[in-house]
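**Student:** Sequence:
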Amino acid sequence: LYRSFFNINTRLNNLLLSLKHLSLTISNSNQTLNEYDKILISYINKLIIQNKIDIDFTCFTHIHSLILVHPTFEQIKQLNKNILTCLKYLAIRNMYLLSSNDLPAIFDKIFSNDLSHLQYCYLSNMTTIRRTREWIQMTSLRFLEVGHINLFDYKYILSLCPNLYSFKFIISTETEIPSDIKSHLNIKRLTLKNDFFAHSWNDHVIKSYLSCVPNLEQLCMYRHIFSSTVKNCLLNYDWCASLISSYLPSLHRFSFYLHLIELNYVDIDNILFQLVENFRSHRNTKCQSCFVIQY
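Residue 113 in the numbering used here sits at position 103 of the sequence shown, and the numbers go up by one each step.
Derived from the structure by calculation, the hints contain no laboratory data.
Any given hint could be a false lead.
What the hints assert, rightly or not - Derived pair list, reagent style DSS-like, types lysine-lysine, alpha-carbon separation capped at 27 Å: (1) 98 / 178; (2) 119 / 98; (3) 217 / 91; (4) 217 / 241; (5) 241 / 165.
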């Protein structure tokens, strides 16, 4: 019996440390950590906070993944390498709940020494990238999903993230286009969206986004458009086929999601049929293509 229980604490600790996917979800603002939680808390790898709860992150010494569903400024302040020393995955949702004055602080933290080990970052789509100071190079960042950015932001982020593999964002309406965007050779996946009000889609602008990622393998586009403009805008559209042919020689997969707003056509079935046929006629035979219409 003595041998069975000998050194059991050490064996239990080693077992907990060997587990790579211990997750804790805090969903109640009145939820408190009991003694059992406090014992296990240092072994948690993934922390999800679903409410506006201000928690001391210093208790979580092995957090690799952090998801903030309703972020607070106190939570944001603790995003630094001295507290979250192992953080690799960060998702901040519902950022519109934060004060507009607090938003630049989030972006400034992402591109700083505070999160120097970050590999994956998701920032709520309901935001526009803003910065109040110079950002530093993030060689660890591989996956980035943000809200609205313009071409100057795009150029800047590409220059700071040489190992970026996947980039998703909403394109902003452009008033000026930079002429010297340096090519990024490591991006393999790119997702472009336009805003819900159907602004900001311009193939000349799209060209600027695509021309600097020559090794892209997967391209996904989400376009919102008012149904009243479909005939004029899309029935003779080439679905970026010429841009893909010119700038993306390594593309393996192309997906286009078309969202029709304020559907009011009587002959909608005929319009949808023409859209599908037009897409098929322009698709690049060298890569897999997917066309989805949502309405």
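**Student:** Which constraints among the numbered hints does this structure fail? Numbers only, ascending.
**Tutor:** Of the numbered hints given earlier, those the structure breaks are 3 and 5, listed in rising order.
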